[in-house]
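Visitor: The lines below spell out each chain.
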Amino acid sequence: MDAIKTWLGRSGLASIAILAVLLLVVFPLAMDTFRLNLVGKYLTYGFVAIGLVMLWGYGGVLSLGQGVFFGLGGYAMAMFLKLEASDPESTKIQSTPGIPDFMDWNQLTELPLWWEPFNSFGFTLFAVVAVPVLLAFIISYAMFKRRVGGVYFAIITQAVALILTVLIIGQQGYTGGVNGMTDLKTLMGWDIRTDEAKTLLYFLTAALLLGAILLCRWIQLSKLGTLLLAMRDKEDRVRFSGYDVSMFKVFAFCLAAALSAIGGAMFTLQVGFMSPSFVGIVPSIEMVIFAAVGGRMSLVGAVYGALLVNFGKTYFSETFPDLWLFLMAALFIGVVMAFPNGLAGLYESHVKPWLARRKQAPAPGGTGGEPPSASAAPAAPTVPHTTTSAAVPTAGIGAKVSSQSA
Amino acid sequence: MSFDEIYNIALMQGFAGLSLFAVLLLMGLGLAIIFGQMGVINMAHGEFMTIGAYTIFLLSSLTESYAPGLIQAYFPFAIVCAFLVAFAFGWLAEWALIRHLYKRPLDTLLATWGLSLGMQQAFRTIIGPKEVSPTLPDWLMGSWSPAEGLDIPINGMFVLGLTIVVTGGVLLALYKSRWGLRVRATVANRSMANAIGINTTRTDRVTFAIGCGIAGVAGAAFTTIGSTGPTSGSLYIVDAFLVVTFGGAASLWGTVVSAFGIAQTQSISEFFLSGSMAKVLTLLLIVTILMLRPQGLFASKVRR
Amino acid sequence: MSDKHLPSSSRRTFMLGAAALPLALAISRMGHAAALPTAQVNTTGLAVTDTEVVVGQLHSATGTMAISETGSIQAEQLAIDQINAMGGILGRKIRVIKEDGASDWPTFAEKSRKLLVNDKVATVFGCWTSASRKAVLPIFEKENGLLYYPTFYEGLEQSKNVIYTGQEATQQILYGLDWAKKEKGAQKVFLVGSDYIWPRTSMKIARKHIENFQGGKVVGEEYYPLGNTNFNSLINKIKIAKPDCIFAAVVGGSNVAFYKQLKAAGITGAKQFLLTLSVTEDEMLGIGGENFEGFYSSMKYFQSLDNENNKAFVEAFKKAYGPKSVIGDVTQAAYLGPWLWKAAVEKAGSFDVDKVVAASPGIELPTAPEGYVKIHENHHLYSKARIAQGQADGTFKVVAESPELIVPDPFPKGYQ
Chain A
1 MDAIKTWLGR SGLASIAILA VLLLVVFPLA MDTFRLNLVG KYLTYGFVAI
51 GLVMLWGYGG VLSLGQGVFF GLGGYAMAMF LKLEASDPES TKIQSTPGIP
101 DFMDWNQLTE LPLWWEPFNS FGFTLFAVVA VPVLLAFIIS YAMFKRRVGG
151 VYFAIITQAV ALILTVLIIG QQGYTGGVNG MTDLKTLMGW DIRTDEAKTL
201 LYFLTAALLL GAILLCRWIQ LSKLGTLLLA MRDKEDRVRF SGYDVSMFKV
251 FAFCLAAALS AIGGAMFTLQ VGFMSPSFVG IVPSIEMVIF AAVGGRMSLV
301 GAVYGALLVN FGKTYFSETF PDLWLFLMAA LFIGVVMAFP NGLAGLYESH
351 VKPWLARRKQ APAPGGTGGE PPSASAAPAA PTVPHTTTSA AVPTAGIGAK
401 VSSQSA
Chain B
1 MSFDEIYNIA LMQGFAGLSL FAVLLLMGLG LAIIFGQMGV INMAHGEFMT
51 IGAYTIFLLS SLTESYAPGL IQAYFPFAIV CAFLVAFAFG WLAEWALIRH
101 LYKRPLDTLL ATWGLSLGMQ QAFRTIIGPK EVSPTLPDWL MGSWSPAEGL
151 DIPINGMFVL GLTIVVTGGV LLALYKSRWG LRVRATVANR SMANAIGINT
201 TRTDRVTFAI GCGIAGVAGA AFTTIGSTGP TSGSLYIVDA FLVVTFGGAA
251 SLWGTVVSAF GIAQTQSISE FFLSGSMAKV LTLLLIVTIL MLRPQGLFAS
301 KVRR
Chain C
1 MSDKHLPSSS RRTFMLGAAA LPLALAISRM GHAAALPTAQ VNTTGLAVTD
51 TEVVVGQLHS ATGTMAISET GSIQAEQLAI DQINAMGGIL GRKIRVIKED
101 GASDWPTFAE KSRKLLVNDK VATVFGCWTS ASRKAVLPIF EKENGLLYYP
151 TFYEGLEQSK NVIYTGQEAT QQILYGLDWA KKEKGAQKVF LVGSDYIWPR
201 TSMKIARKHI ENFQGGKVVG EEYYPLGNTN FNSLINKIKI AKPDCIFAAV
251 VGGSNVAFYK QLKAAGITGA KQFLLTLSVT EDEMLGIGGE NFEGFYSSMK
301 YFQSLDNENN KAFVEAFKKA YGPKSVIGDV TQAAYLGPWL WKAAVEKAGS
351 FDVDKVVAAS PGIELPTAPE GYVKIHENHH LYSKARIAQG QADGTFKVVA
401 ESPELIVPDP FPKGYQ
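Chains as they are written, first to last, in full-length UniProt numbering: chain A, 1 to 406; chain B, 1 to 304; chain C, 1 to 416.
If you are wondering where the hints come from, they were derived from the structure by calculation, not from laboratory data.
For each residue, glycine too, the CB sits at the ideal point set by N, CA and C.
Mixed in with the good hints there might be a few duds.
Derived DSS-like pairs: lysine-lysine, alpha-carbon spacing no greater than 30 Å straight-line [to be verified]:
(1) C:Lys271 to C:Lys237
(2) C:Lys160 to A:Lys92
(3) C:Lys188 to C:Lys120
(4) B:Lys103 to A:Lys223
(5) A:Lys92 to C:Lys397
(6) A:Lys198 to C:Lys98
(7) A:Lys92 to C:Lys188
(8) C:Lys374 to C:Lys318
Per the computed footprint, the stretches of chain A lying under chain C, defined by three or more beta-carbons under 8 Å from a beta-carbon of chain C, are [as the list claims (entries may be wrong)]:
(9) 267–275
(10) 318–331
All chains, full assembly: derive it from the sequences and hints.
Guide: See below:
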């Protein structure tokens, strides 16, 4: 019994369960379809945010180009949907019926060869994940092998985001340009614009997200997760222990890319279009902010972060149209200054000790050796993880790892 | 097309490259100090440039209404003011925000991102959401035409001259002055610098403020060639970071060389390709070279 | 409390005066209008009560597009204030829900759904860029909303749920090119634009017209990324090509850089003929009159138009938003939106979208600041095209005007 409880606490399953109840029961009951659809859209950013937790919080690598992968996944899905929406019947007013409308506007007279595979749903699903992962691999392999880290990597990913945006906008005959791919209607005959479809897609998104969290949690608890953390804190030591550090980072980057891409594909399905405004630098930075607000060490926290920031954006901009940017700015600055570990950090440093005190006061002892974190969110170290200077003593790796599982 | 014409176009195209070089260097210079020397990722760099541009606008409006006779002369004075105003705001931002974050460089990115959002909205609220156009003195407009068919933009020459002066000043200050010595000591080894009596807190603040001040000068200079609006600064921010990173963050000479390389690549490829493809080509080249040589063109000799 | 109301009510009284002409048009309908019960004028559950009707306004108040869209926000608000001051529509005052699209297309989509589904607005005035319109269009069609879209745009679109109060591409381009050929002898034309759909489609139409109908020649066609601020290489290419006419559709921050650098390279209105599709009084604020002096712009409206409607409009606009405010082509088109909607609602005797849409074709607005407009079957406006020359003080001098109203043709044959 105790062993199970300990494992529950360690794995943070309890907090994941709470999130699951919130997403699958509370939200659908409390909200109308419109708001639920909004939450569904925010949850797709949650995929990016948990990817960033793995990459940034655990791997210590910050990417400012996650929008690239979100966009690629979204575009892959959008291409399939666009082809389906462009059957000869509904495009008969075009000079070339049967091709997407934006191609017709740009004087293309036949479907480009590389679009053909996207007629197949199976291939599309494969491409949603494979294309971003391949790109992530190429970028990261070249850089991590040469030990590019930290800020440099962040700036290079920014440049990649810029290149892709310019390419997509410039090649509008093939990509829809700045408008993106709009007016997506059906998925294999199923109308994705109806309320029922939106509700179903919401549950699908929520389920996939919970699955992704479990997967990431499993990775975190495995040896790989421990190594990622160790690498983040003292990369050289891990390297001297005989591990190929770069490949672990490549793995983390590809994982984050795959998660972002799934988020992008789900976004396209729910919102019904994809546009280059997701690929650029601004959305990429915003996605990092979701993770930072939620807590970069906490998977569940990152999802809350994505929800909170987007709720804030929607609520502030509806309620204070003239002030909302000030409020968002204050939120970002405030979180970074006051709660460097985000919401999860706040929970760790304030709520949890308080809960523990309350628990101890009436019934000291309780069931025995129950650790105070039995119902905790995945633990985040309460100290900001400074990688500089001699702040981490010799037992750095051990200390960090144990603080993670405490 | 005659030989003369080809010669003229070649000259003008050469100058186009030079003036883009000046633009890139000027926008990168402030960042090279802040990002390169201090390791702070200042996403609000573009907004400090906008502060400089708006300073020019305000001074030109004031001059127009109160001393129309001085409209030919206010500009150099206004550039100094742009530096001072941006310096003051930089000082303030360092005191309120940045100094708490030196140990967490990636967090400076998030905080300054928030700062840039807030500053943009502040411009919109205070000055207005539409673009403005400062009245420039006549001597800054038009072209210098030494021969038939050859037009060298005067604003381009002005920006180039200003860039040379500012860059020279920064290099001189960094390598010959006490302040420069303190900055370099702090960059090389903060705790040691502290131990031998350098007030690193003060050095940081001055350094950050000077970086912002130079951004202000850049913004002021760009009123001659670009737009002035609440979001004008965001047009420059990515290019600025690329210039600094490509050059090798901690090396000012690297920034100079990288600005030159990027400017020439882009300017020449723009001439032979379409504008969009030239941009993609330039960026791809930068990313590829950075992948092969991640430390940038000029590696810093600082031990990390 | 009552003190607070004083300035606004005095402003209203003034607007009543300024709106005297529209008032004259509508006064005949006001008698029976107020009598209609809500159950009759609203059968589809829109946000209409006995005293008020709710409409949405969806523009970018923040982000990069705020520079352009601010004018539209102001003009729509002015028109709505004027309509309310003269008694509203069918006896109901208009209440506006403002949403900020934040220059972000997905946000536009989200907010338009919110307006249509949550707020049940009777109509929406909004969008500026094509991308934002494309993002909201499926939502308006699905939820059966109504959108008044003010910007001149590339055409190739016609929706039951949108009334386009700006020009489609042929209305803006063809007259300008014909004028350029006739008056300026433009044979060799250099096309330059920002790299997205509106300039590209416009230039495609321009090229077809020049090559197939005018016997002219396109000597260059260049596109630069949005936000590009360096045009020196382009200017050298123009110098090599030596065109009779530079035909430009550069937008946003690039626009300012383009004209400042043209001037600096010695290409001025005195030496070179340039005709643009993208400089209105709004853009002129940023470019500065001295940089655009002598160049020409092709629009349907300029602030300096000399007619009674326009004088009243300009006066009311400056009264509301300050003597320094300017009115561009799109601002005027945005101002038409509420008036056209009012006319259609009153003709239909109902706020129901289907009935308003059915009543819209044929609606005339003789009180429009641009002169006279009429809604075509295809939901675009018949309008005139005008050419004006930029002056050093930042104003435009109208030099030519199409003799007839130009029929809107969003899918022009021979230009595809």
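Visitor: If a hint holds in the structure, say so; if it does not, say that too.
Guide: Verification of the hints:
1. At most 30 Å may separate the alpha-carbon atoms for a hinted pair to count; lysine 271 (chain C) and lysine 237 (chain C) meet this at roughly 17 Å.
2. A C-alpha spacing of about 18 Å is found between lysine 160 (chain C) and lysine 92 (chain A), which places the hinted pair at or below 30 Å, so the restraint holds.
3. With a CA separation close to 52 Å, the supplied pair lysine 188 (chain C) and lysine 120 (chain C) exceeds the 30 Å bound.
4. About 29 Å separates the Cα atoms of lysine 103 (chain B) and lysine 223 (chain A), which keeps this hinted pair within 30 Å; it holds.
5. Distance hint between lysine 92 (chain A) and lysine 397 (chain C) is unfulfilled; the C-alpha atoms sit about 44 Å from each other, more than 30 Å.
6. Proposed proximity of lysine 198 (chain A) and lysine 98 (chain C) is supported: the alpha carbons are some 26 Å apart, at most 30 Å.
7. With a CA separation close to 36 Å, the supplied pair lysine 92 (chain A) and lysine 188 (chain C) exceeds the 30 Å bound.
8. For the suggested pair lysine 374 (chain C) and lysine 318 (chain C), the alpha carbons sit about 26 Å apart, so the restraint of at most 30 Å is met.
9. Coverage of the segment 267–275 of chain A by chain C holds. Counting CB-CB distances below 8 Å, 4 residues qualify, and the rule asks for three or more.
10. Given a C-beta distance limit of less than 8 Å, the hint that chain C covers the segment 318–331 of chain A holds, as 5 residues qualify and 3 suffice.
Consistency note: the structure conflicts with the earlier hints numbered 3, 5 and 7.
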